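J.: All chains should be built: construct the whole structure from the sequences, respecting the hints.
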Amino acid sequence: MVWGSRSSVRIMMSNRLNGVLYDYEFESIYTHLFPGDLLVFNLSATLPVEVEYGGVSVRYYDFHDTWCRISTTMSPPEEALRRYGLHLLEEGLRVGYECKREFMRHLFGMGHAVYDTERAYPLEYYRSAFSSIPGSAEFPSAARPFTLEVVRRLMLRGIVFGYITLHTATQFGGEKPLPEYYLVPYSTIDLVEKARKKGRRVIAVGTTCVRALESVDAGTHTQKGVEGYTSLTLNENHRLKNVDGLITGFHDHESSHYELLKAFQPPKLLEKLYREATRLGYRGGVFGDLCLLL
Amino acid sequence: MLNLKDRRFVVTGASRGLGLAVARALLSEGALVAVCSRSTDDLKRLYSHYGEQVIYSEVNLEDQRSIEVFGSTILDKWSWVDGLVNNASTLGVRRLKFLMDSSYDELEEALRVNYLGAFKLISVLLPSMVARRRGVIVNVTSDVAVKPEAGWGAYAASKAALECMSYILAAELRGFGVRVHLYDPGDMDTELHRRALPEDDPDELLKPEHSAKPIVYLLSEAGMGLSGRRLSVHEFGDGINSE
Ligand SMILES: NC(=O)c1ccc[n+]([C@@H]2O[C@H](COP(=O)([O-])OP(=O)(O)OC[C@H]3O[C@@H](n4cnc5c(N)ncnc54)[C@H](OP(=O)(O)O)[C@@H]3O)[C@@H](O)[C@H]2O)c1
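Just so you know, the protein sequences line up as chains A and B, in that order.
Mapped onto my numbering, the consecutive letters of the first sequence carry residue numbers -13 to 280.
Mapped onto my numbering, the consecutive letters of the second sequence carry residue numbers 57 to 299.
What the hints contain is simulated information worked out from the structure, not anything from laboratory work.
Check before you lean on any hint, since a few could be wrong.
[Said to hold, decoys possible] If you only want the chain A side, here are some residues facing chain B, beta carbon under 8 angstroms, derived:
(1) Ala31
(2) Arg91
(3) Leu134
(4) Met141
(5) Tyr149
[What the hints assert, rightly or not] Just so you have them, the derived chain A footprint on chain B, three or more residues with Cβ under 8 angstroms:
(6) 113 to 122
(7) 129 to 138
(8) 260 to 271
[Claimed, not checked] Computed Cβ-Cβ distance ranges for the label pairs, DEER-style:
(9) B:Ser135 - A:Asn223: 31 to 41 angstroms
(10) B:Tyr160 - A:Arg182: 12 to 22 angstroms
(11) A:Pro253 - B:Gln109: 54 to 64 angstroms
(12) B:Ala206 - A:Met141: 43 to 53 angstroms
(13) B:Pro258 - A:Leu142: 49 to 59 angstroms
(14) B:Gln109 - A:Arg187: 51 to 61 angstroms
(15) A:Asp51 - B:Gln109: 49 to 59 angstroms
(16) A:His50 - B:Asp257: 50 to 60 angstroms
(17) B:Ser135 - A:Pro253: 38 to 48 angstroms
(18) B:Glu291 - A:Glu84: 22 to 32 angstroms
(19) A:Gly185 - B:Val202: 52 to 62 angstroms
(20) A:Gly40 - B:Gly107: 55 to 65 angstroms
(21) B:Arg230 - A:Pro21: 13 to 23 angstroms
Quick caveat, the model's predicted, so the values are computed rather than measured.
From the three backbone atoms N, C-alpha and C, an ideal C-beta is built for every residue, glycine too.
T.: And the structure:
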């Protein structure tokens, strides 16, 4: 169990311009942002997508009206799936269902969040103040400490809020980023442009928001915005076009998420940040502490 | 004109009584309505009459997972909701009895359905309101919460908890453009009332269709400025009721 308010975590700010690190309480984040700064959140809500069928684990992601993709530890147990009205499509890469609502009932009835095989955390632990549209397999967790109380304080300080939707995929083993559905609505593209024109910062809350926002090329949007699947991977060679800063958790050094951080900070500074965080007892994981890369 | 066409509303306990009347009134205004209850026959009837305007789901408000399925189904289809009516209710007991004669289970059932169930559904749907900086929640209460009488123990206490929560939420959500209303529909001719007070003459009771109108009104822009207040059917004049 995690006790205390979801906002009682620490955040380490790292500034690439002067290489200085600051360790502070997340709840004081509003003092480090300026009126007009734009915070971008992911509206995607997380589903309990991992289900055990007699010793074989299956994870579901990329949900459509009548099918979704799967990742599994062994060849998928067809018979067990059939019992729940599911059938394999295409070499076991996708699963089909009659009715999405009944499929959701199956997930909520038998599934658990990925990495939470013991169901150690109640479902609501995987919801942030903005988790609206169901579809993520892995919890986009950076927004979790943003309680309504913190959000309110940020609003009063004049921080601007923007939203994207990116439904996260998941796989067993390997951290190769998969293509993910995303939508950056026109209103958000507009907010980004306005913030940049006025010299304000665009700060992504979570790596999913970076992926979505950086997938948008200037002038390519329709009236709805930009929608599709993104295969964008970021690393130290990526030149950020739409995002200036990032709030995120602490990631494994081998992960693609860690590579993405290098688009924001030189590797040396990142290493220093992670060393300092370890020294101060920062916690990793989806319920852990955060960093703010500027 | 209430201007509710294509707006997206959720009504709990819509298989009969007040919930059904509210759902029908909203549907006839052209709104999209998601309905739930434990039994689904009446919900299916609503669906076959109004088609894709309706989302229905079997929900037991005592069961968090069924609430999550309902919320996910709605948000998957609609992406957001404009309003939520927490109407479903249980007496907890089969017939009214003294508080000290009630079992823990009866007391807890009333709290789980009338108070915690409402809170959990709010938790699932509120993020979509906060992100859009607009939304309306109507919590249906009862006069016994403010005028507690012998025999109403489990139910009245759960409604009092719901009322207290509503005042607090109204204050906390004001800054996010989300209104929270408390509404007392008065004594209506419904199954709940028949079970509580079987001796009452149905002809002297309000029809649920009558008590439903103020809820539709509160869900529309007309409800602006009324957040955080406890309103009863008797405070709404014929102005709305004759619409
Ligand atoms: N009638 C009155 O005189 C009166 C007076 C003051 C206030 N009220 C309030 O008005 C509201 C409507 O009441 P009503 O008179 O219309 O009652 P009703 O006819 O008994 O309807 C109650 C509704 O709630 C549903 N429900 C009950 N337990 C549920 C659960 N565990 N999970 C999901 N749904 C559940 C029922 O469907 P299922 O049984 O199929 O689940 C039904 O649709 C309630 O909030 C009540 O407290 C009524």
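J.: For every hint, state whether the structure bears it out.
T.: Going down the list of hints, with the structure as the test:
no.	hint	in the structure
1	Ala31	holds (7 angstroms)
2	Arg91	holds (5 angstroms)
3	Leu134	holds (7 angstroms)
4	Met141	holds (7 angstroms)
5	Tyr149	holds (6 angstroms)
6	113 to 122	holds (count 4)
7	129 to 138	holds (count 5)
8	260 to 271	violated (count 0)
9	B:Ser135 - A:Asn223: 31 to 41 angstroms	holds (35 angstroms)
10	B:Tyr160 - A:Arg182: 12 to 22 angstroms	violated (60 angstroms)
11	A:Pro253 - B:Gln109: 54 to 64 angstroms	holds (55 angstroms)
12	B:Ala206 - A:Met141: 43 to 53 angstroms	holds (47 angstroms)
13	B:Pro258 - A:Leu142: 49 to 59 angstroms	holds (52 angstroms)
14	B:Gln109 - A:Arg187: 51 to 61 angstroms	violated (43 angstroms)
15	A:Asp51 - B:Gln109: 49 to 59 angstroms	violated (18 angstroms)
16	A:His50 - B:Asp257: 50 to 60 angstroms	holds (55 angstroms)
17	B:Ser135 - A:Pro253: 38 to 48 angstroms	holds (39 angstroms)
18	B:Glu291 - A:Glu84: 22 to 32 angstroms	violated (48 angstroms)
19	A:Gly185 - B:Val202: 52 to 62 angstroms	holds (54 angstroms)
20	A:Gly40 - B:Gly107: 55 to 65 angstroms	violated (40 angstroms)
21	B:Arg230 - A:Pro21: 13 to 23 angstroms	holds (21 angstroms)
Checked against the numbered hints given earlier, this structure breaks hints 8, 10, 14, 15, 18 and 20; the rest are met.
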